[in-house]
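Chains as they are written, first to last, in the working numbering: chain A, 10 to 127; chain B, -16 to 920.
To be clear, the hints were calculated from the coordinates, so they are not data collected in a lab.
Computed from a predicted model, the values in this text were never measured in an experiment.
Just so it is clear, CB atoms sit at the ideal spot from N, CA and C, and this is done for glycine as well.
Heads up, a few of these hints could be off.
[Unchecked claim] Where chain B lies over chain A, by a calculated footprint (3+ residues, C-beta under 8 Å):
1. 61 to 69
2. 98 to 109
[To be verified] Selected chain A positions facing chain B (in silico; Cβ < 10 Å):
3. Tyr40
4. Lys43
5. Trp92
6. Arg93
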Amino acid sequence: MDASANPTPRPLTPATFHILLSVSERSAHGYEIKRMVEERTGGAVLLGAGTLYAGIRRMEGDGLIRETEAPEGDGDVEPGSRWRFYGITPHGRRVLAAEIDRLESDLRAARAIVRRPA
Amino acid sequence: MPGPLHPHLPGGPPDGHRRPEPWGLRLLLLLYPGWFRAETEEQLLAHWRLQRREARYAGWLGGLRFWGHAITDGVSAGMGLRLEAVQHRIGARRGGGHEIGSGARGPWARGLRGEAVVEAFLRDTRHALRGLAKNPGYAFVFVLTLGLGIGANTAMFSAVNGVLLRPLPHQDGERLVYLRHFAPAAGIENALFSVPEIEDYRDGTPSLDAVAEFSALTFTMLGYDAPRRVRAGIVTGNYFGVMGLSATLGRTIGPEDDGDGAPAVIVVSNAYWRNELGSDPDIVGKTVAMNGRTATFVGVSEPSPPYPERTDIYVNMATSPHHLDASMNHDRVHRMTEVFARVASGASVESARSEIAVVSSRIHEDYPEAYDAGSRFEVTVTPLKAQLTSRARPTLLLLLATAAFVLIIACANLANLTLTRVLRRNHELAIRVSLGGGRGAIRRELLVESLVLSLGGAAVGLLISAVSLDLLVAFASRFSSRASEIVFDGPVFGFAFLAAVLASAFFTLLPPLPSGDRFGGILSRSGARTTVGTGARRVQRALVVAQIATSFVLLIGAGLLVRTMAHLNRVDPGFDTDQVLTMSIPANAGGRTSDQVRSHYLAVLDGVRSLPGVESAALTSVVPLSGGGMLSTLWEIDVEGHEPAPGSPAPRAAFRVVTPGYFRSLGIEVIHGREFQSTDDTDAQTVVVINEAMAKAYFGDLNPIGRQVAWIDDTVKFLGLSKDFRTVVGVVADTRDNGLDADVGHAVYTPYPQVTPFFTDALVVRVSRDPAQVLPSIREEILSHDPNQPIANVATIAALGSESVAPRRLNATLLSAFALLALVISAVGIGGVLAFSVGSRRREFGVRGALGAVRRQIWSGVVGEGARLALAGLALGTVGALALSRFMASLLVGVPAVDPVTFVAVGLLLSAVAVLAAWIPAWRAASVSPVEAMAAE
Chain A
10 MDASANPTPR
20 PLTPATFHIL
30 LSVSERSAHG
40 YEIKRMVEER
50 TGGAVLLGAG
60 TLYAGIRRME
70 GDGLIRETEA
80 PEGDGDVEPG
90 SRWRFYGITP
100 HGRRVLAAEI
110 DRLESDLRAA
120 RAIVRRPA
Chain B
-16 MPGPLHPHLP
-6 GGPPDGHRRP
4 EPWGLRLLLL
14 LYPGWFRAET
24 EEQLLAHWRL
34 QRREARYAGW
44 LGGLRFWGHA
54 ITDGVSAGMG
64 LRLEAVQHRI
74 GARRGGGHEI
84 GSGARGPWAR
94 GLRGEAVVEA
104 FLRDTRHALR
114 GLAKNPGYAF
124 VFVLTLGLGI
134 GANTAMFSAV
144 NGVLLRPLPH
154 QDGERLVYLR
164 HFAPAAGIEN
174 ALFSVPEIED
184 YRDGTPSLDA
194 VAEFSALTFT
204 MLGYDAPRRV
214 RAGIVTGNYF
224 GVMGLSATLG
234 RTIGPEDDGD
244 GAPAVIVVSN
254 AYWRNELGSD
264 PDIVGKTVAM
274 NGRTATFVGV
284 SEPSPPYPER
294 TDIYVNMATS
304 PHHLDASMNH
314 DRVHRMTEVF
324 ARVASGASVE
334 SARSEIAVVS
344 SRIHEDYPEA
354 YDAGSRFEVT
364 VTPLKAQLTS
374 RARPTLLLLL
384 ATAAFVLIIA
394 CANLANLTLT
404 RVLRRNHELA
414 IRVSLGGGRG
424 AIRRELLVES
434 LVLSLGGAAV
444 GLLISAVSLD
454 LLVAFASRFS
464 SRASEIVFDG
474 PVFGFAFLAA
484 VLASAFFTLL
494 PPLPSGDRFG
504 GILSRSGART
514 TVGTGARRVQ
524 RALVVAQIAT
534 SFVLLIGAGL
544 LVRTMAHLNR
554 VDPGFDTDQV
564 LTMSIPANAG
574 GRTSDQVRSH
584 YLAVLDGVRS
594 LPGVESAALT
604 SVVPLSGGGM
614 LSTLWEIDVE
624 GHEPAPGSPA
634 PRAAFRVVTP
644 GYFRSLGIEV
654 IHGREFQSTD
664 DTDAQTVVVI
674 NEAMAKAYFG
684 DLNPIGRQVA
694 WIDDTVKFLG
704 LSKDFRTVVG
714 VVADTRDNGL
724 DADVGHAVYT
734 PYPQVTPFFT
744 DALVVRVSRD
754 PAQVLPSIRE
764 EILSHDPNQP
774 IANVATIAAL
784 GSESVAPRRL
794 NATLLSAFAL
804 LALVISAVGI
814 GGVLAFSVGS
824 RRREFGVRGA
834 LGAVRRQIWS
844 GVVGEGARLA
854 LAGLALGTVG
864 ALALSRFMAS
874 LLVGVPAVDP
884 VTFVAVGLLL
894 SAVAVLAAWI
904 PAWRAASVSP
914 VEAMAAE
């Protein structure tokens, strides 16, 4: 079954969403992704190693991300090291965009209700 | 792109170098399924290493936070992954058409919660059992060894739990305290209290809201069935309330039973009621005659550990004429009573202590004649639980530690066994790992197998300790009256289970497994041996060294105790122990005058002396080696011509009453002067005999015969003695009346007729034949004078002596047994390790042989390997042994804690054993035929 034929956009878990976001610009390895998420959310979302790598595995299976080479110009990481880097796929970009749209529409609906006088 | 998003990786990225991962992280890995670990293990480990360095996980609090996060994350993620796999398999079976590893494996898998985990566990268990069934010998050795180790530990733990840890059965037991009145400078361990003293302390201590009295006396009870000698505790009405004990039948003694006019009542102790009265259900209401009056049974108390000594019955004051006596109630130095108290709520033991100190200094000032300054009287307050357990604590803890050491040694052997087994399967395991099976899966199999074996061992261990429970209680009862509370309950089972789990964790994590990288290397045999073999051999060696060190520590402990026993065996008690019988024949004092009692006793003595087979007989107040009793306290004396130096304790001596023939009966040498004769009676000059230690102390080398000694302790008037001077007519050799491990004190012997006869009730008889043959005629003779005469505590002096050191002997035996067991296990361990090492180096030995190496060189090489291991173990063990001997110092007599003889002897023994254990493997190595060895490869 072709992953790109995934019909209904379902809500992503917070972990999936943040991982996808982290690799949307450039490839990164596991620990980097964790640090990016922590910084972005100001420490509110702490990805445990298990959650992270299980999530990565699933997202690979779902075709949202794929393993890539280490991005060039990354001087801190030794060449030939065993860190595995992941980058976003076109399908992943579509899913991410759909999720952002969904979040926005949910937010709009919520704001409409909360602003209404009691 | 520099910055915090690209951390410099100081721990290093996962790369080709295999670093030994710390065991904690290995355990974390186990939370994840094997297939997942195979792919991501290295990333997970590297991730954790980096994560640990973050600021939020710094310090020990941060460390806790790290483990908390990692474990919860691992559990949830691991479960999620397993559930997904199960979900997927179910979906695939239903023909859903999904392949594992692709497609929609959504993170929303629900249902069938624990199925994956349970299924995996069951599968592994079946697999483990099948594997063990193929190797029954291995399983048997494992379960038996572990069972013995766990059994010994469970038994000792149940003793520690029952005696030391469990709260007292008394209600509110933590508030119970015991007061002890003693005079350390005068050598008086327990002076007891007098009634006026108790009143002073009771009034002056608001921290103690109830103070109860307990006096121990022995009564003769008539009218139940045969005349019985019972140990009675005379108590105040508040005693049972203070102690928090209630009655299982009838009622306890209460405040209504206080006072002179109250009827005499008895509450039987639970143990005596069950053991000696046959649990008589109709006991309440029965009456007996005691001390010339009628006493009624009113109840049976609940079980409780007796203190200070075994008590058969509790009675009120009215039952004991002595206690109603005016002098008992008003004489400050008439000290016969023990004191128990309850700390008031809101107060503490410390506040009680300070209040008592205040009262003490006040009464010492007010009544200086009762408290001579040099003796330094003081009163201590101890929680009752501590008091009950203090004697047992060092022994029980020592034995628990010993059992633990033996278990560790046994586990080391078993770990080596496991290691060997894993190594034999190295080929198979390496292939599994390199095909992606994952080390985690292998560890999980090992874990299940170890758990099965260890739980089996725990079951065997529990069985062993259950069977030996009676023995254990008998052993512990020599040290503590709480021994009856040793039972098999929850904590004991929990202990065995925990031991099994820890052991299996140890066996699982210990063997190093092949890593997935060395694919090519593993598949050639020699490659296998060098990669995993080196690591394994190092572990094996370390285990053996640890075993030897632990055995050394245990052997030192055993050796010290054995030397103590040897020392005690050599101690000369000062009298003959063979062929001397003793027994207690307390007279029925009720209704008789002193003269009547005296003539009764003398008649009995004459009768016994005339029996065939009896060489001599005598009466004494204290049977040697029997532990003293009431008259073993030290009383004040005045020696003519000696002024006690100011500030030194008042001179005291042990009081002894004997009839003529006593010294002859016991074979005590008369050094100067004479012993007592029948002419030393009431009308003659008052005389005494002193022992050698006292003569030397007061008179030096001068002849003490003719000098004067007086009893000036106030207590002596109860024995009908005046405080006049008495003439010394003889000096006898020292005797160790209080036990072979006690000091020799000063003793003053008074002739029987010159003292009231009520407390001299022990008969000693020297026989020329086997004591057992003469005993019946002695009994007959005694009963012919008084058919109601109780005859108790019949024993030979030799038996008493043996009994007095029995606890120590038991200790030494038990510890030695453990230590020798440890030695045997260690020897097997050394032999096994060397055998394995030799076995895997056959080719090397073959080559060396072919190249002309002399057999002896090869042989000594292997033995040298064993000796090196032994030396390393000895070095390590010496440190532990020094610590142990310091802890044991209180158990040793006549042997220094750091005893060079023991250390050297044990070191030589251990080295010899190590060499012996290396013998067979060495011989096999030396006899490897080069041709065979090369061909086998």
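So, going through the hints one by one against the coordinates:
1. With 6 residues bearing a CB less than 8 Å from a CB of chain B, the region 61 to 69 of chain A meets the requirement of three and the coverage assertion stands.
2. For the region 98 to 109 of chain A, the proposed coverage by chain B is not satisfied: 0 residues have a C-beta within less than 8 Å of a C-beta in that chain, short of the threshold of three.
3. Hint on Tyr40/A holds. Least Cβ distance to chain B is approximately 5 Å, under the 10 Å limit.
4. For the restraint placing Lys43/A at the interface with chain B, the shortest Cβ-Cβ distance is roughly 8 Å, inside the 10 Å limit, so the hint holds.
5. At its closest, the beta carbon of Trp92/A sits 5 Å from a beta carbon of chain B; the interface hint therefore holds under the 10 Å criterion.
6. Hint status for Arg93/A: holds, given a least beta-carbon distance of 7 Å to chain B, under 10 Å.
Going through the hint list in order, the structure does not satisfy hint 2, though it satisfies all others.
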